[in-house]
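Undergrad: Single-letter residue listing:
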Amino acid sequence: MISGKLKVTQVFSDGTQRKVFEDSNIITDGMGINIATLFATNGSQKSSNFAPAYFQLGTCAIEFSAPGVVGGAGGIATDAQYHLSSAFYKMSSAYSIDSFGESSDLRFFYGNRSFQASSDHTEWGEMFFTSALNLSGSTTSSTSTKEWFAEIPVVNNTKYYIDSIEYRIALDENSLNGLPIKEVGLFAKNPVGLKHDHPMLVAYKKFEQPFNKTKDFSLVFDWSIGFLKHFIAWDNFSNVVGEESESVEKWFLS
Amino acid sequence: MDNQVDIIDASGHLEIWKVFSGGREEKVFDDHNVITSGMGVGLAMLFAGSGADTIADYQIKWFQLGISGDYAIRTNYDSSQYSLVSALGQTAEAMTGGVGGTSGHYGVGSIMMDQHDLMSSNGDRFNTGVPHWFVYIPENAIRKTSDNSVTYALLIDREICNGHTLNEIGLFMHDPLAAFLNKAAVGGGQLPRSPLVAYRPFVNIKKSADFALVFRWTLSF
Numbered sequence: 001m002i003s004g005k006l007k008v009t010q011v012f013s014d015g016t017q018r019k020v021f022e023d024s025n026i027i028t029d030g031m032g033i034n035i036a037t038l039f040a041t042n043g044s045q046k047s048s049n050f051a052p053a054y055f056q057l058g059t060c061a062i063e064f065s066a067p068g069v070v071g072g073a074g075g076i077a078t079d080a081q082y083h084l085s086s087a088f089y090k091m092s093s094a095y096s097i098d099s100f101g102e103s104s105d106l107r108f109f110y111g112n113r114s115f116q117a118s119s120d121h122t123e124w125g126e127m128f129f130t131s132a133l134n135l136s137g138s139t140t141s142s143t144s145t146k147e148w149f150a151e152i153p154v155v156n157n158t159k160y161y162i163d164s165i166e167y168r169i170a171l172d173e174n175s176l177n178g179l180p181i182k183e184v185g186l187f188a189k190n191p192v193g194l195k196h197d198h199p200m201l202v203a204y205k206k207f208e209q210p211f212n213k214t215k216d217f218s219l220v221f222d223w224s225i226g227f228l229k230h231f232i233a234w235d236n237f238s239n240v241v242g243e244e245s246e247s248v249e250k251w252f253l254s
Numbered sequence: 001m002d003n004q005v006d007i008i009d010a011s012g013h014l015e016i017w018k019v020f021s022g023g024r025e026e027k028v029f030d031d032h033n034v035i036t037s038g039m040g041v042g043l044a045m046l047f048a049g050s051g052a053d054t055i056a057d058y059q060i061k062w063f064q065l066g067i068s069g070d071y072a073i074r075t076n077y078d079s080s081q082y083s084l085v086s087a088l089g090q091t092a093e094a095m096t097g098g099v100g101g102t103s104g105h106y107g108v109g110s111i112m113m114d115q116h117d118l119m120s121s122n123g124d125r126f127n128t129g130v131p132h133w134f135v136y137i138p139e140n141a142i143r144k145t146s147d148n149s150v151t152y153a154l155l156i157d158r159e160i161c162n163g164h165t166l167n168e169i170g171l172f173m174h175d176p177l178a179a180f181l182n183k184a185a186v187g188g189g190q191l192p193r194s195p196l197v198a199y200r201p202f203v204n205i206k207k208s209a210d211f212a213l214v215f216r217w218t219l220s221f
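Protein chains in written order, with this note's numbering: chain A, 1 to 254; chain B, 1 to 221.
It is possible that some hints are incorrect.
[Claimed, not checked] Partial list, derived from the structure: chain B residues whose beta carbon lies under 10 Å from chain A:
1) Ile-35
2) Ser-37
3) Leu-43
4) Ser-79
5) Arg-143
6) Phe-221
It should be emphasised that the hints constitute simulated quantities derived from the structure, not laboratory data. Note that CB positions come from ideal geometry on N, CA and C, so glycine has one too.
With the sequences and hints as input, model every part of the structure.
TA: Laid out in structure tokens, this is it:
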């Protein structure tokens, strides 16, 4: 089982920290495609292309109880279909670089986003929820227009346990001020292995209560991805913190 | 409790076919398998960008067959499994009344083999001293069968493993800790350390020269 958890912390200039959110996330179908492509040896030939390397933040959210809110190849679906599916590959409404502000510390990449396309016998479109249930064929494709992706520096990756990984996304005090944050998505770098990165959504979380970012604090997103529920060995190979560290718990034990 | 949409369940399915010389095929096993802890170790290393430098180190390139799957069934094996109970070419076999520890167990046939260390659940080397023998999975035996599924077609031809009662099989990632292991190509570096990523005991199959075995193993994510 592959699962994830997201913690969001406000960090004020005086060093004060306040946890404002902690919950499981959605591992989307892109994660499965990412791993299957790795093992099938028909995607990228660089291991780093399968690892999450980008994120997006958005002002709306993928809705699970209101079919048809977000466009794409989706149609009318029952709530149950939505709740049992994670077949989506895009944010609801991702912010572009202009929204982050000129003084943002983040680095950005402007490129085409990968997704799984499905056909209903007549035409192809980006797979979105119910279109995944009725497809007659599918293939990996990408957007014709480019989007902005914020980079996750490799130095922000941490491993505490041998079968999990933590990504830290730091939204500094100068980024995205005055704008609500209602969704966040984690993107694998370029699993298809095209010349330029084509990020694919692999994990997603929406916030019922949006965060309203101001210059008074930075927002830190600590995103953990774990692979099995009962395995508790420390990573003694890449672990750079001591086992006595109090910074993490074995969250997927619960 | 996680919502259904929150997780991806890695799962697998194993079919075993006997293929006789006249072309007749007989399915002798068809059931799910267990994804084991080594899968998590390998993928976490990949996603951290810290385990190995080359993509081949993270791919499933090897398998083992064994003769003590019945023990695994009696002891309720689960995803914490990190080795076969008694793999062919495993030195422990000699201690358990098995058939020694050489590649000769597999016989001479159309398979390519190599010796690796076996990774235990915490990433350390499991075997002490003599490494294990692993059977190579050629590129043409690996096929993406759906958006999120990969199928491995593992062939044990008529000349291989004869005389053994086979009843367990495991898939192995190549060497996800390569970057941490001092494995200089020249000068006595360490062997690849391969973790078990999927495992399944199955019904006893007394292998003979009358038939080949085909294991069709599908992993889904």
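Undergrad: Please go over all the hints and tell whether each is borne out by the structure.
TA: Status of the hints after comparison with the structure:
| no. | hint | result |
| --- | --- | --- |
| 1 | Ile-35 | holds, 8 Å |
| 2 | Ser-37 | holds, 5 Å |
| 3 | Leu-43 | holds, 6 Å |
| 4 | Ser-79 | holds, 6 Å |
| 5 | Arg-143 | holds, 7 Å |
| 6 | Phe-221 | holds, 4 Å |
Violation of the numbered hints given earlier is absent; every hint is satisfied by the structure.
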